[in-house]
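> Chain by chain, the residues:
Number of protein chains: 2
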Amino acid sequence: MARVSGKVDKNGYLVRLGVAIRARRIALALSQEALADYAEVDRSHMGKIERGERNVTFLNIVRIAEAIQCKPSDLFIDADL
Amino acid sequence: MARVSGKVDKNGYLVRLGVAIRARRIALALSQEALADYAEVDRSHMGKIERGERNVTFLNIVRIAEAIQCKPSDLFIDADL
Numbered sequence: 001m002a003r004v005s006g007k008v009d010k011n012g013y014l015v016r017l018g019v020a021i022r023a024r025r026i027a028l029a030l031s032q033e034a035l036a037d038y039a040e041v042d043r044s045h046m047g048k049i050e051r052g053e054r055n056v057t058f059l060n061i062v063r064i065a066e067a068i069q070c071k072p073s074d075l076f077i078d079a080d081l
Numbered sequence: 001m002a003r004v005s006g007k008v009d010k011n012g013y014l015v016r017l018g019v020a021i022r023a024r025r026i027a028l029a030l031s032q033e034a035l036a037d038y039a040e041v042d043r044s045h046m047g048k049i050e051r052g053e054r055n056v057t058f059l060n061i062v063r064i065a066e067a068i069q070c071k072p073s074d075l076f077i078d079a080d081l
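Chains S and L, in that order, give the protein sequences. What the first sequence shows, in the working numbering, is residues 1 to 81, in sequence order. What the second sequence shows, in the working numbering, is residues 1 to 81, in sequence order.
Bound-form chain S, shown alone:
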């Protein structure tokens, strides 16, 4: 169970969000590095977000969604959140 920013993600919600991001990125044939650059997120941070290892912020979710051409709500729906 990962402890993220002092809060325990005991239900694996971050992992589910990361899986949703990765699936849409791969559907666009976009590399993780390209997504990080489009979203203006540090490349190593992007990897951790996709693996559910970082408690991503709202504004980064919005930027990532824009970069993978969907709405933030789509990512949450994909992740059943």
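Incorrect hints may appear among the rest.
[To be verified] Cross-link-like lysine-lysine pairs, in silico, PhoX-like; alpha carbons within 25 Å at most: (1) L:Lys-71 <-> S:Lys-10; (2) L:Lys-48 <-> L:Lys-10; (3) L:Lys-71 <-> L:Lys-48; (4) S:Lys-71 <-> L:Lys-48; (5) S:Lys-71 <-> L:Lys-71; (6) S:Lys-10 <-> S:Lys-48; (7) S:Lys-48 <-> L:Lys-71; (8) S:Lys-71 <-> L:Lys-10; (9) S:Lys-48 <-> S:Lys-71.
By construction, these hints were calculated from the structure, which means they are not laboratory data. In this text, all values refer to a predicted model and were calculated from it rather than measured experimentally.
Given chain S, put chain L in place with the hints provided.
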């Protein structure tokens, strides 16, 4: 235009999310303090989230949504995000 955690929220997305949270809280006749306590978010932080003054994290969005009895995706849909 608020600068939040080093990123500019130039489209007012945080304000829209805050408005959505506040509307659902008020619909439940819940005080901001009670919501903060349920969601285990600091009370002053909760006020700043509702005003769009803090770049709220994913896990806090999930906790807030649970506390106001909706899905995180509902908040994003309410905010047209």
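> Which of the numbered hints above does this structure break?
Per hint list: zero violations.
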